[in-house]
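Sequence order for the protein chains is R and U. Going by the numbering used here, the first residue of the first sequence is number 1, and it counts up by one from there. Going by the numbering used here, the first residue of the second sequence is number 1, and it counts up by one from there.
Any given hint might turn out to be false.
A pair counts as met if it fits within one copy or between any two copies, since identical chains are not told apart.
To be verified - Straight-line distance between alpha carbons at most 30 Å, and here's what the computed DSSO-like set of lysine-lysine pairs gives:
hint : residue 1 : residue 2
1    : 29        : 51
2    : 222       : 384
3    : 109       : 119
4    : 24        : 51
5    : 386       : 220
6    : 51        : 128
7    : 386       : 315
8    : 314       : 220
These are calculated hints, taken from the structure and not from any lab test.
There are 2 protein chains.
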Amino acid sequence: MLVVHKYGGTSVGSPERIRNVAEKVIGYKKKGADLIVVVSAMSGETDRLLKLAGALSTLPDERELDVLLSTGEQVTSALLALTLKEMGTDAVSLLGSQIRIVTDSAYGKARIEEIEGEKMTSYLREGKVVVVPGFQGIDDAGNITTLGRGGSDTTAVAVAAALHADLCEIYTDVDGVYTTDPHITQKARRLDRISYDEMLEMASLGAKVLQIRSVELARKFKVPLLVKSSFVEGKGTLVCEEVPTMEQVVVSGVTYNKNEAKITVSEVPDKPGTASTIFAPLAEANIVVDMIVQNVSHKGYTDMTFTTAKVDAKKAYRLMEKVAVELGAKLVAIDEDIAKVSIVGSGMRSHSGIATKMFSILSNEGINLEMISTSEIKISCVIKEKYGELAVRALHTAFGLDREEVVEEQ
Amino acid sequence: MLVVHKYGGTSVGSPERIRNVAEKVIGYKKKGADLIVVVSAMSGETDRLLKLAGALSTLPDERELDVLLSTGEQVTSALLALTLKEMGTDAVSLLGSQIRIVTDSAYGKARIEEIEGEKMTSYLREGKVVVVPGFQGIDDAGNITTLGRGGSDTTAVAVAAALHADLCEIYTDVDGVYTTDPHITQKARRLDRISYDEMLEMASLGAKVLQIRSVELARKFKVPLLVKSSFVEGKGTLVCEEVPTMEQVVVSGVTYNKNEAKITVSEVPDKPGTASTIFAPLAEANIVVDMIVQNVSHKGYTDMTFTTAKVDAKKAYRLMEKVAVELGAKLVAIDEDIAKVSIVGSGMRSHSGIATKMFSILSNEGINLEMISTSEIKISCVIKEKYGELAVRALHTAFGLDREEVVEEQ
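Just chain R, same shape as in the assembly (with noise of 0.2 Å):
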């Protein structure tokens, strides 16, 4: 049995906890499993040395930074290594370089495109135990690469998936992933288990716990991934695919976001091209769009909604009152107090209604539904920033979701 843990930047913060690491992965050795450990940085190091390229430089070349940033990872690893040698388990380090991680060449962002097993496995083979900075990797030409904040999930199951490894255990500061955000509502619970598509749905809850592509990595290579904790003991929540047991929940979760804003553009003359007009100067500018509405044309105008980032609001109401101009539409607004409300779940394919009941809940709740946007498995409805709480709370338990003794010893 193979098996990777990858282990976060607070999971390894001090000598302390790379000890704590340590005993907790010579435990899990002495079970006969091989181990490939992927660490991050210890907390605030990647920080330290940011501000250090931005005492030098406005704009740090990408290149530089990259090499820059990638020691972070090389001094945990070194330190977990040697630490485990200490503690009489033998061990070695294996920088991205030397594995080899090839990735492409976009600093900073780099996506991995192959990952070489022969060294890893030959020191598996000796009975080592394998430890690989997360977050970087090489390009063809030798430079090196990271691949962005939170790289070392992705790292972690791109590992998994190239030595095709039974299990990824991803060790964080949160015990699994809830159907909320525990912080709104004390009745949220730990998931036991959840499916891949759902776990890429919740992105918002998610992002706290998982970096997205490590999730899209793991359900391409179907890489089971455990989320638990490094600092209580726990079952975890299980993100794997799909099984029938799984469809008898309707809904998996409920998410929020409202760190988006909203912008309307009037009355627009409804004709082709009209959309790509509008989305063109966004993604030139790098916006991101999430959520995008177009209501049915009225008398030859239409009226188009989408969401952004709100760090993006300003820029892109900008580009729009020019667009505005530019095709006759009538107005263009704004709105920052919105919230994202999300109920997320595998059953919905299968089950009718959900829907209608998800509106009827906020509705009896007074909460007016501004914007709403469905995929298979979510729906999403924007609100008034100041229902969000409640209107999470309110879908929580409405769906089932809120803890009992009964559920939570399932």
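Following the hints, put chain U in place on chain R, whose structure we already have.
Okay, now just chain U, sitting in the frame of chain R:
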């Protein structure tokens, strides 16, 4: 023209100082030379990393320690490269593994076996400044190795040798090599030139300025070394092959070392094999012996005296106590209150009477000589520690090394 610059830890100890180095490099580059810049870790960084390792292991695994420590220089090289680019001069950092700087596998004290020049040459041809982290390489199997403290000097010289550079400039926190330690006499004078051989013999002065290994390497490959200050303008000291003009000066410098202790094994029965019986256990214990003096045999007995570093002296003394029993020697004595004073100069080769002059100068000051040892270009005397500074000043003056306006402006 190709020049290699090397900047030590103090010279790159903060973002401001890295910016100063970048300015220096750009100024030099504008004169038209191709430039390779070798950098040390920012001052304090290596100690920070060692402390982390020390918190996790009493005797950290050597391979992993090298993975850890090599990040220090990697950080500086990335920071300097991105600073150069920020300031409009194209640059690229190249790690030991990218260049490749191939060493043996002696972690922590690896020796460079080969440096591949192609990658550096091709970047130089593109007009880029190549920034190389000192102190690190890789072995045949691709493991990261380090060259030991001060190894960045060795990297700089080795790179200069591999690429047949015209000059290797070592930037440090002193402005050159002095006739003696300026802390002992203000009359100490910066040397414009010194030969490789003299520099090697002046180890106890030179060690503060240049790693001895780097001087050996420079001599072997005839790389001219220019030692200069990062902080003040000046001509520095050129370390090079002997040239005829240098022979006019008989003594180039006076060195001084009070970090040794003297151990005497008295009345050793004088028979073949005695010396090896005495020194074998020291070699086994990795104790480096500096001076060795054996008196002529007297009635079948001889005295063997040697010096070692003070830190090793007690251990050496205990080993000698055992050896004395084995050999039937009468007495073992240890004296830690000694100083070694030496005069160094290529001119000694062709001038007689230098030793006699040295002895009489010391005698005139009432200083007794406890041990004498000579090489082709060096004469060393062990004296009581308390006379050390007095001896240095007397020799410095008597051999005409004192600073004078006329001499200074030559």
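Hint compliance check: list the failing hint numbers for this structure, sorted ascending.
Failing hints, ascending: 2, 5 and 8.
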